[in-house]
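Novice: Here is what each chain is made of, one letter per residue.
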Amino acid sequence: QKEVEQDPGPLSVPEGAIVSLNCTYSNSAFQYFMWYRQYSRKGPELLMYTYSSGNKEDGRFTAQVDKSSKYISLFIRDSQPSDSATYLCAMRGGGYNKLIFGAGTRLAVHP
Amino acid sequence: GAVVSQHPSWVICKSGTSVKIECRSLDFQATTMFWYRQFPKQSLMLMATSNEGSKATYEQGVEKDKFLINHASLTLSTLTVTSAHPEDSSFYICSATPAGQGLYEQYFGPGTRLTVT
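Chains as they are written, first to last, in the working numbering: chain A, 1 to 111; chain B, 112 to 228.
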């Protein structure tokens, strides 16, 4: 079993839809949770990071962490074609000095 | 802020030759840099963690003699792929953590696409 599970998709939604992206993890010691966006043939871009449980909002993006369920989510409101990319969750903690990445979910927002 | 650059962005080399990839933090000092490789439609695979002034820590299964990492300053780390072979063809990405911040905040470079013929 992988430490971080993420559905690779692809996920296809119409413009304006609310997108929900999720990851589950097995290591209860993870404390820092991040979401990265990666366009094709580009490096990942840090979108959101949260510490421990709770919600964080930044514009159209909301990150949620539920440590009791070992489940994190990224919501994108009013999705745009420019949001089409691969979204990677990442986390660390529990003695790890490196990020543990999910497989990434490919999102396509069509006009 | 927090910009990381890589050079070159794309390189083709012949089998058996060596290739050097540079990773620079442009507007911050980075005590720790990370090197990843990524195959098409796959996630990032950490190769090594590089700390300024010390030897890199390689992940299990990564040949340290083949992938030479040097982190000579707080703004520059280099990855040299020695005696490259076609199976080394991949997308190599570096990331850097600003000095004074936790390792959770990593900023990635744009990546270098290596093709070995």
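Hints should not be assumed to be uniformly reliable.
[To be verified] Pair ranges (Cβ atoms, derived):
no. : chain 1 : residue 1 : chain 2 : residue 2 : range
1   : B       : 211       : A       : 57        : 21 to 29 angstroms
2   : B       : 121       : A       : 82        : 41 to 49 angstroms
3   : B       : 211       : A       : 27        : 38 to 46 angstroms
4   : B       : 196       : A       : 29        : 22 to 30 angstroms
5   : A       : 82        : B       : 151       : 36 to 44 angstroms
6   : B       : 128       : A       : 45        : 48 to 56 angstroms
7   : A       : 45        : B       : 153       : 13 to 21 angstroms
8   : A       : 16        : B       : 174       : 43 to 51 angstroms
9   : A       : 18        : B       : 125       : 34 to 42 angstroms
10  : A       : 27        : B       : 125       : 21 to 29 angstroms
11  : A       : 81        : B       : 184       : 34 to 42 angstroms
12  : B       : 123       : A       : 66        : 42 to 50 angstroms
13  : B       : 162       : A       : 67        : 26 to 34 angstroms
14  : B       : 123       : A       : 53        : 27 to 35 angstroms
[Unchecked claim] Cross-link-like lysine-lysine pairs, in silico, BS3-like; alpha carbons within 25 angstroms at most:
no. : chain 1 : residue 1 : chain 2 : residue 2
15  : A       : 42        : B       : 125
16  : A       : 56        : B       : 125
17  : A       : 2         : B       : 131
18  : B       : 177       : A       : 98
19  : A       : 98        : B       : 152
20  : A       : 42        : B       : 131
21  : A       : 2         : B       : 125
22  : A       : 67        : A       : 56
23  : A       : 42        : A       : 98
24  : B       : 125       : A       : 98
25  : A       : 2         : A       : 67
Hints listed in this document are in silico derivations from the structure and should not be mistaken for laboratory results. Each residue gets a CB set at the ideal place from its N, CA and C atoms; glycine is no exception.
Novice: Hint by hint, say whether it matches the structure.
Specialist: Structure-based check of each hint:
Checked against the given bound of 21 to 29 angstroms, the beta carbons of residue 211 of chain B and residue 57 of chain A, roughly 26 angstroms apart, stay inside it. The given range of 41 to 49 angstroms is broken by residue 121 of chain B and residue 82 of chain A, whose C-beta atoms sit roughly 24 angstroms from each other. Between residue 211 of chain B and residue 27 of chain A the beta carbon distance is about 26 angstroms. The supplied range of 38 to 46 angstroms is therefore violated. Taking 22 to 30 angstroms as the suggested C-beta distance range, the pair residue 196 of chain B and residue 29 of chain A does not conform, at roughly 38 angstroms.
Judged by the Cβ atoms, the range 36 to 44 angstroms given for residue 82 of chain A and residue 151 of chain B is violated: they are separated by roughly 22 angstroms. A C-beta distance of roughly 32 angstroms is found between residue 128 of chain B and residue 45 of chain A, which places it outside the suggested range of 48 to 56 angstroms. Under the hint 13 to 21 angstroms, the C-beta atoms of residue 45 of chain A and residue 153 of chain B, about 18 angstroms apart, fit the expected range. At about 48 angstroms, the beta-carbon gap between residue 16 of chain A and residue 174 of chain B stays in the expected band of 43 to 51 angstroms.
Taking the beta carbon of each, residue 18 of chain A and residue 125 of chain B are about 50 angstroms apart, not inside 34 to 42 angstroms as hinted. Taking the beta carbon of each, residue 27 of chain A and residue 125 of chain B are about 43 angstroms apart, not inside 21 to 29 angstroms as hinted. With their beta carbons about 41 angstroms apart, residue 81 of chain A and residue 184 of chain B fall inside the hinted range of 34 to 42 angstroms. Evaluation of the 42 to 50 angstroms hint for residue 123 of chain B and residue 66 of chain A yields a pass: the beta carbon distance comes to about 46 angstroms.
Checking the proposed 26 to 34 angstroms range against residue 162 of chain B and residue 67 of chain A shows it holds: the Cβ atoms sit about 30 angstroms from each other. Restraint check, residue 123 of chain B to residue 53 of chain A: a C-beta distance of roughly 47 angstroms breaks the suggested window 27 to 35 angstroms. For the hint linking residue 42 of chain A to residue 125 of chain B, the alpha-carbon distance of about 24 angstroms falls within 25 angstroms, and the restraint holds. Proximity of residue 56 of chain A to residue 125 of chain B is assessed by CA-CA distance (about 48 angstroms); at most 25 angstroms being required, the pair is judged violated.
For the hint pairing residue 2 of chain A with residue 131 of chain B, the CA-to-CA distance comes to about 32 angstroms; that exceeds 25 angstroms, so the pair is violated. Only pairs whose Cα atoms come within 25 angstroms are accepted, and residue 177 of chain B paired with residue 98 of chain A is accepted, the gap being roughly 22 angstroms. For the proposed pair residue 98 of chain A and residue 152 of chain B, the alpha carbon gap of about 22 angstroms is at most 25 angstroms, so the pair holds. Straight-line distance between C-alpha atoms of residue 42 of chain A and residue 131 of chain B comes to about 19 angstroms, which keeps the hinted pair within the 25 angstroms bound.
Distance hint between residue 2 of chain A and residue 125 of chain B is unfulfilled; the C-alpha atoms sit about 36 angstroms from each other, more than 25 angstroms. A C-alpha spacing of about 14 angstroms is found between residue 67 of chain A and residue 56 of chain A, which places the hinted pair at or below 25 angstroms, so the restraint holds. With a C-alpha separation of about 21 angstroms, the suggested pairing of residue 42 of chain A with residue 98 of chain A holds against the 25 angstroms cut-off. Restraint check for residue 125 of chain B and residue 98 of chain A: not satisfied, since their Cα atoms lie roughly 33 angstroms apart, outside the 25 angstroms limit.
Taken as a hint, the residue 2 of chain A and residue 67 of chain A pair is honoured in the structure, with Cα atoms around 17 angstroms apart against an allowance of 25 angstroms.
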